Amino acid sequence: MEFEFTAAELAAITGARGQRGSTSERIRGIAALSEAGPGDLSFLGNSRYKAEVATTRASVVLLPPDHAGEPAAGQLFLLVENPSVALALVCARLERKLWPAPAAGVHPTAVVARGATVADSATIGPLCVIEDGAIIGERAHLQAQVFVGRGASVGEDSWLMPGVVVAADCTVGRRVRLHSGVVVGSDGFGYEFVAGRHQKVPQVGGVDLGDDVEIGANTTLDRARFGRTSVGEGTKIDNLVQVAHNVRIGKHCILCAQVGISGSTTIGDYAVLGGQAGVAGHLSLGKAAKVGGGAAVTADVEPGAFVNGSPAIPYMLERRVAVLRERLPDLFRRVDALEEVIDGLKKLSPEGAGRKMPPA
Amino acid sequence: MEFEFTAAELAAITGARGQRGSTSERIRGIAALSEAGPGDLSFLGNSRYKAEVATTRASVVLLPPDHAGEPAAGQLFLLVENPSVALALVCARLERKLWPAPAAGVHPTAVVARGATVADSATIGPLCVIEDGAIIGERAHLQAQVFVGRGASVGEDSWLMPGVVVAADCTVGRRVRLHSGVVVGSDGFGYEFVAGRHQKVPQVGGVDLGDDVEIGANTTLDRARFGRTSVGEGTKIDNLVQVAHNVRIGKHCILCAQVGISGSTTIGDYAVLGGQAGVAGHLSLGKAAKVGGGAAVTADVEPGAFVNGSPAIPYMLERRVAVLRERLPDLFRRVDALEEVIDGLKKLSPEGAGRKMPPA
Amino acid sequence: MEFEFTAAELAAITGARGQRGSTSERIRGIAALSEAGPGDLSFLGNSRYKAEVATTRASVVLLPPDHAGEPAAGQLFLLVENPSVALALVCARLERKLWPAPAAGVHPTAVVARGATVADSATIGPLCVIEDGAIIGERAHLQAQVFVGRGASVGEDSWLMPGVVVAADCTVGRRVRLHSGVVVGSDGFGYEFVAGRHQKVPQVGGVDLGDDVEIGANTTLDRARFGRTSVGEGTKIDNLVQVAHNVRIGKHCILCAQVGISGSTTIGDYAVLGGQAGVAGHLSLGKAAKVGGGAAVTADVEPGAFVNGSPAIPYMLERRVAVLRERLPDLFRRVDALEEVIDGLKKLSPEGAGRKMPPA
Numbered sequence: 005m006e007f008e009f010t011a012a013e014l015a016a017i018t019g020a021r022g023q024r025g026s027t028s029e030r031i032r033g034i035a036a037l038s039e040a041g042p043g044d045l046s047f048l049g050n051s052r053y054k055a056e057v058a059t060t061r062a063s064v065v066l067l068p069p070d071h072a073g074e075p076a077a078g079q080l081f082l083l084v085e086n087p088s089v090a091l092a093l094v095c096a097r098l099e100r101k102l103w104p105a106p107a108a109g110v111h112p113t114a115v116v117a118r119g120a121t122v123a124d125s126a127t128i129g130p131l132c133v134i135e136d137g138a139i140i141g142e143r144a145h146l147q148a149q150v151f152v153g154r155g156a157s158v159g160e161d162s163w164l165m166p167g168v169v170v171a172a173d174c175t176v177g178r179r180v181r182l183h184s185g186v187v188v189g190s191d192g193f194g195y196e197f198v199a200g201r202h203q204k205v206p207q208v209g210g211v212d213l214g215d216d217v218e219i220g221a222n223t224t225l226d227r228a229r230f231g232r233t234s235v236g237e238g239t240k241i242d243n244l245v246q247v248a249h250n251v252r253i254g255k256h257c258i259l260c261a262q263v264g265i266s267g268s269t270t271i272g273d274y275a276v277l278g279g280q281a282g283v284a285g286h287l288s289l290g291k292a293a294k295v296g297g298g299a300a301v302t303a304d305v306e307p308g309a310f311v312n313g314s315p316a317i318p319y320m321l322e323r324r325v326a327v328l329r330e331r332l333p334d335l336f337r338r339v340d341a342l343e344e345v346i347d348g349l350k351k352l353s354p355e356g357a358g359r360k361m362p363p364a
Numbered sequence: 005m006e007f008e009f010t011a012a013e014l015a016a017i018t019g020a021r022g023q024r025g026s027t028s029e030r031i032r033g034i035a036a037l038s039e040a041g042p043g044d045l046s047f048l049g050n051s052r053y054k055a056e057v058a059t060t061r062a063s064v065v066l067l068p069p070d071h072a073g074e075p076a077a078g079q080l081f082l083l084v085e086n087p088s089v090a091l092a093l094v095c096a097r098l099e100r101k102l103w104p105a106p107a108a109g110v111h112p113t114a115v116v117a118r119g120a121t122v123a124d125s126a127t128i129g130p131l132c133v134i135e136d137g138a139i140i141g142e143r144a145h146l147q148a149q150v151f152v153g154r155g156a157s158v159g160e161d162s163w164l165m166p167g168v169v170v171a172a173d174c175t176v177g178r179r180v181r182l183h184s185g186v187v188v189g190s191d192g193f194g195y196e197f198v199a200g201r202h203q204k205v206p207q208v209g210g211v212d213l214g215d216d217v218e219i220g221a222n223t224t225l226d227r228a229r230f231g232r233t234s235v236g237e238g239t240k241i242d243n244l245v246q247v248a249h250n251v252r253i254g255k256h257c258i259l260c261a262q263v264g265i266s267g268s269t270t271i272g273d274y275a276v277l278g279g280q281a282g283v284a285g286h287l288s289l290g291k292a293a294k295v296g297g298g299a300a301v302t303a304d305v306e307p308g309a310f311v312n313g314s315p316a317i318p319y320m321l322e323r324r325v326a327v328l329r330e331r332l333p334d335l336f337r338r339v340d341a342l343e344e345v346i347d348g349l350k351k352l353s354p355e356g357a358g359r360k361m362p363p364a
Numbered sequence: 005m006e007f008e009f010t011a012a013e014l015a016a017i018t019g020a021r022g023q024r025g026s027t028s029e030r031i032r033g034i035a036a037l038s039e040a041g042p043g044d045l046s047f048l049g050n051s052r053y054k055a056e057v058a059t060t061r062a063s064v065v066l067l068p069p070d071h072a073g074e075p076a077a078g079q080l081f082l083l084v085e086n087p088s089v090a091l092a093l094v095c096a097r098l099e100r101k102l103w104p105a106p107a108a109g110v111h112p113t114a115v116v117a118r119g120a121t122v123a124d125s126a127t128i129g130p131l132c133v134i135e136d137g138a139i140i141g142e143r144a145h146l147q148a149q150v151f152v153g154r155g156a157s158v159g160e161d162s163w164l165m166p167g168v169v170v171a172a173d174c175t176v177g178r179r180v181r182l183h184s185g186v187v188v189g190s191d192g193f194g195y196e197f198v199a200g201r202h203q204k205v206p207q208v209g210g211v212d213l214g215d216d217v218e219i220g221a222n223t224t225l226d227r228a229r230f231g232r233t234s235v236g237e238g239t240k241i242d243n244l245v246q247v248a249h250n251v252r253i254g255k256h257c258i259l260c261a262q263v264g265i266s267g268s269t270t271i272g273d274y275a276v277l278g279g280q281a282g283v284a285g286h287l288s289l290g291k292a293a294k295v296g297g298g299a300a301v302t303a304d305v306e307p308g309a310f311v312n313g314s315p316a317i318p319y320m321l322e323r324r325v326a327v328l329r330e331r332l333p334d335l336f337r338r339v340d341a342l343e344e345v346i347d348g349l350k351k352l353s354p355e356g357a358g359r360k361m362p363p364a
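Chains as they are written, first to last, in the numbering used here: chain B, 5 to 364; chain Y, 5 to 364; chain P, 5 to 364.
Hints are computed from structural coordinates only; laboratory data are not their basis. Some hints could be false.
As the list makes no split between identical chains, a pair holds if one copy fits it or if it spans any two.
Cross-link-like lysine-lysine pairs, in silico, DSBU-like; alpha carbons within 30 Å at most [claimed, not checked]:
hint: 1; residue 1: K291; residue 2: K204
hint: 2; residue 1: K291; residue 2: K54
hint: 3; residue 1: K255; residue 2: K294
hint: 4; residue 1: K101; residue 2: K204
hint: 5; residue 1: K291; residue 2: K255
Just so you know, these numbers come straight off a predicted model, no measurement behind them.
Work out the full structure: start from the sequences and follow the hints.
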């Protein structure tokens, strides 16, 4: 994608509080400090890369206001409150180029049931299917090959990318972004074992996604057995995540890729789950609970607690155990040695010789 | 979804053996005991919620025949053999409302090859693609945007939801339900490393799904290198599961979400695998074997055995080890203390002083 | 799929160096040694199955040149340098039958933007969508229901199976195979936490897939925050893998199913990651690094190193620790016993009795 900014434009977009140095380069790229060259914008997003500022060849660098160094010749430092946020402002400009606003209207190849309601300002792209009773809100964008089932609804300004499925009776809030391959409203996984066979328990509830939710590619969210599976306002879910039936996820949570949440579990607002973490069913994770990547949560988690490992235990304990695990071979050798010495001591002492080691 | 049942209708649907109390409410919702209110149906599906029966505000409660308590005023207890199964009977009624039987026929936007065979009673929804030589059985339902490849077949009464892919030469049994995004017949992952490159081993086998199989959203099943990958009758597979090439899964198994089965592994009838479990290749899991959630199976599992952990070991041993793991910091301290005492004792004893601790 | 080879045809296809015995059977199937019958081809791909050669009923068996045994009556041994590779040559013949070369051209139901460039020799199957500015190379095959976004490109001879999504501004190399449900170019998962909400960091970079890459069903690859997420030439990725934003995967790597790579991590050429392994963000895995199945990599990995476990540690150490873990219950008992003996000895010795066990 081609673009071009002047230094002055970048200062305006990022709301820079101060500047050091100057550059005459037009900015045509964005790169990490160590990889940037002339014509690139870079930024200090994490203080552990601070040393790279002195050697970066970027023409413009976004830095925190208290940054101490001086720019090289032909280099501009823009001082901003939060360099990562400032960069996001620049990227937001680019994003509009990457994803230009679509024209409103229904593509002639889309299949829209007569009983569906589509706002005039919505965009229904090619080869979408909208079933009876579905409602598509103002400025909603179904990009291509999207399916919205009977009685489902998609809120204002939401964007459903190619191949998204929103099954019958599910609701999608406003300003929601669903990436390709997301499935909202597959059946919950429920069976009764009767006479040697797994009899299906029909799943007749739905899924509700709150406003400002974003869901990553190929993530699946199952409809409730009855009632609703729900994802609260502002929660962000990454790719390939599994959300089982009747799960309730609070507001402003973060679920990283490949997380799995089993049925009927409740997750409090502001919780954060690292990639590949798994949570058993019927549990409760408190507000702002944190779960480490790959952890297996098998018990409730207190608000604000941070757990890790399989099964998950308090984070600091798990870190300690993980280190000790590497010293297990040594520990076994030490216990062998102690036993040998004790055996020797017992032989020396007539009383000790009479004592029997308790059975292991 | 709106619905309404009278108490008498519910008694009939559930085949209630007995009743206590009565209600004049029409039932318009289903909810858990603790969340139900007037107009709701609830049930005691798990005895650990028994105490909630006394305080639930549900108008109708499904209970086992030996339940001891008495209903509140305006509350009806329906006594049924298995409250979960009884509730499933009610949900089955609702499911027909959620998913009304589709009209038979081929939607004009579907692309059906001339050499494909589609039963007259089948429903081919909008924007489906059916290739040459494919066979679609009686009353099969391809909901929308489904792909069935050349020479593949879909059995009677099966339901393929939006976005399902059944690739060439694969077979789907009768009464099978495939949720959105399921891929049946992607290539197995096989290469020969020759001259510094991974040369593809063509995967020319197929996949066979037995009758009454259900497969969750975005699950993938790879075609065999040669021969068949297979899933036995009545087996239920959850979302985002990976089934590799030449895997053979028996009848009536349960594979929870995000499980991964590596190539050529065989899984016996009635096996149960918890969520995120992984099984290495070329293994055999016996009949009714159980694998805990997140476990990593690296060796054969005996029929009926229950394994857990990474790598998986017998369940009871793993539970014990998991508890002891938390006591490792204490164990290291105890061994430190023992060594200190032994060092002291050795100094007191002239013989002991002469002994050397064996090298760690 | 039906096929038929004579023994002479198989000798020619596999480039057999020598033969023993003979068969008059036509070969109509391929099967493992233990399962093959008359009319089947089999092979010794792994020396641990060597004993099965003596009892196999296959009519033709592919064997290494130094194989010692003699064929049964009516059985032909074909001696080939690498039986697995030889079998792959046979399967390649069958693959052309399974997937006959499609006719060039754009299916009338495909939706191709006027500003897209499609090579004359390319095949655009039914219900594909190609947006403005996209480029589809010579002999590329978009099978059905594929989406290629604005400005994206697909190289010569690549094959995108039903339901693949290549989002805007991403590039796919030559001879690439993308299985159904692959998503190339979903947004990276990046937010800034501002004023109690996760503000989206727009993801304006892209994804580049090198030549001869193969990617399994429902795998997701996120576009870079800025710059490019990339997969090097010849790398093979299995099903349901997550590749986060700004990840760089080298050439000729193997990523097995359900692997997850977090953002900005770099993976060297010829690396191999076992199924369900996870790698944290901002790490570097050296050339030919190996990661065991299910391992959780939380630190850089040296070139050629093999790590395993959660968190990942050197493979041999992890194997040892995994074994010792099973002996933890015994170790705790042994330490209990030592403490009991020490307590007894201390009581016998006046000096010892005066010593205090150091506090645990």
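Tell me the hint numbers this structure goes against, listed in increasing order. Failing hints: none at all.
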